[in-house]
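Top to bottom, those sequences are chains X and H.
Position one of the first sequence corresponds to residue 46 (this note's numbering), numbered consecutively onward.
Position one of the second sequence corresponds to residue 46 (this note's numbering), numbered consecutively onward.
Rather than coming from a laboratory, the hints here were simulated on the basis of the structure.
Misleading hints may appear alongside valid ones.
Simulated pairs of lysine to aspartate or glutamate, DMTMM-like, Cα-Cα distance not exceeding 20 Å [as the list claims (entries may be wrong)]:
(1) X:K168 x H:E202
(2) X:K194 x H:E198
(3) H:K168 x X:E73
(4) X:K190 x H:D221
(5) X:K47 x X:D81
(6) H:K190 x X:D107
(7) X:K168 x H:D155
(8) X:K194 x H:D98
(9) H:K75 x H:D108
So you can see what is in the structure, the chains are spelled out below.
There are 2 protein chains.
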Amino acid sequence: MKTQLQNYFNRHISLTEAQFEEVYSCFEIKTYQKKDLLLREGEVCQHKYFIIDGLIRSYYIDDKGTEKITQFAIENWWVTNTESFALQRPSNINLQAVEETTVLRIKKDDLDVLLVEIPALEKFFRIVAENMVIAIQRRYGFYMKMNSKIRYEHFVEWIPDFAQRVPLYMIASYLDITPEYLSQLRKG
Amino acid sequence: MKTQLQNYFNRHISLTEAQFEEVYSCFEIKTYQKKDLLLREGEVCQHKYFIIDGLIRSYYIDDKGTEKITQFAIENWWVTNTESFALQRPSNINLQAVEETTVLRIKKDDLDVLLVEIPALEKFFRIVAENMVIAIQRRYGFYMKMNSKIRYEHFVEWIPDFAQRVPLYMIASYLDITPEYLSQLRKG
DNA sequence: CTGATTTCTTAAGATATCTTAAGAACTTTT
DNA sequence: AAAAGTTCTTAAGATATCTTAAGAAATCAG
């Protein structure tokens with residue numbers, strides 16, 4: 046748990062043992078049951094979450110009442126609603142545990158203090174944010190370029206693990222395909 | 046020019062006059078003519094650009110030979126290909142001046158040095174990166190939710206300036222609509 | 001001012017994907 | 001093991017958007 050977070054920090058910056066202790070003391074361990082919400086549409090997002098184990102999805106309900114999944118996140122990923130967290134505005138998405146999920150979470154206020162006390166963290170979160178930009182651009186770039194069938198094949202190939210852990214209709218939603226049409230695609 | 050950059054830094058962090066001078070000395074002024082490329086597909090992106098004046102687009106050529114625009118950037122925006130710049134990989138997009146455009150640009154190597162010397166810059170670029178995440182998510186979130194007609198109307202309403210400065214077929218490309226279909230939409 | 005290039009429009013037929021509705025196959029709970 | 005809930009499939013008709021091809025309008029270069 047502790048080591049898992051420490052390893053992640055060490056990927057990008059070096060913290061002294063004391064610094065890491067200070068950082069770690071600001072995190073809280075939480076376990077969510079399947080279907081529990083970490084963040085509800087309309088609330089202001091107060092936490093950044095580091096996933097120790099499990100699977101989180103980010104989704105909203107569209108005007109027709111259909112769930113639209115915008116992101117999945119698994120072990121060793123950071124998750125939050127950046128817009129709501131950074132600007133302290135009401136969230137337009139829900140964060141929900143797809144499986145039983147354990148996270149380390151940190152409050153915005155605590156993080157703000159830490160960033161001042163340990164400037165190396167600025168670098169860390171700059172890199173995390175840049176990686177997020179890269180990931181999102183790759184995702185949508187691919188999405189825009191490819192048709193439904195290729196999107197699905199790519200998804201299964203790329204993260205075969207997901208195809209196991211997530212029901213098909215959620216993959217469909219993430220890929221912006223109706224489950225019915227995905228069914229057709231899988232046939233032929 | 047100098048002030049414009051300084052103002053932008055001051056939005057998020059405070060630099061002493063001396064620090065700003067050091068920062069500024071790493072930037073180079075460049076003017077690109079209409080259609081000049083700042084970055085070519087396949088090259089590794091070596092610069093971050095701060096636009097003083099003008100308009101830059103980011104685009105690639107798809108398998109059918111059609112230009113697909115992924116981003117526009119104007120005065121006071123930062124632009125680069127984050128993936129290529131951060132990971133020093135070949136770029137999958139072109140950056141091109143849509144109008145005559147003046148930028149302040151900084152080399153990756155120089156920026157890396159600056160970030161070490163002036164840690165406050167880490168915070169600055171963390172915030173810039175977070176804002177980019179927010180902007181991209183808003184953009185694609187909206188894109189996914191809305192149909193072509195609403196995307197177009199929103200675009201014109203949101204940045205009316207653009208509708209003047211950018212040919213219609215580029216707006217179509219950015220909104221992922223064929224120019225022919227956009228023509229139909231504008232009629233009825 | 002004229003020819004060349006770039007940008008925009010029209011219209012008809014083609015296609016990817018959605019919608020609706022229903023039932024089958026699983027999975028979890030009792 | 002029955003009931004209840006969740007997930008997946010099938011198929012037919014509907015629709016948003018694309019493709020192709022052509023010409024009109026506007027802008028740029030000589």
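Hints versus structure:
{"no.": "1", "hint": "X:K168 x H:E202", "in the structure": "violated (37 Å)"}
{"no.": "2", "hint": "X:K194 x H:E198", "in the structure": "violated (30 Å)"}
{"no.": "3", "hint": "H:K168 x X:E73", "in the structure": "violated (24 Å)"}
{"no.": "4", "hint": "X:K190 x H:D221", "in the structure": "holds (10 Å)"}
{"no.": "5", "hint": "X:K47 x X:D81", "in the structure": "violated (23 Å)"}
{"no.": "6", "hint": "H:K190 x X:D107", "in the structure": "holds (8 Å)"}
{"no.": "7", "hint": "X:K168 x H:D155", "in the structure": "holds (16 Å)"}
{"no.": "8", "hint": "X:K194 x H:D98", "in the structure": "violated (42 Å)"}
{"no.": "9", "hint": "H:K75 x H:D108", "in the structure": "violated (32 Å)"}
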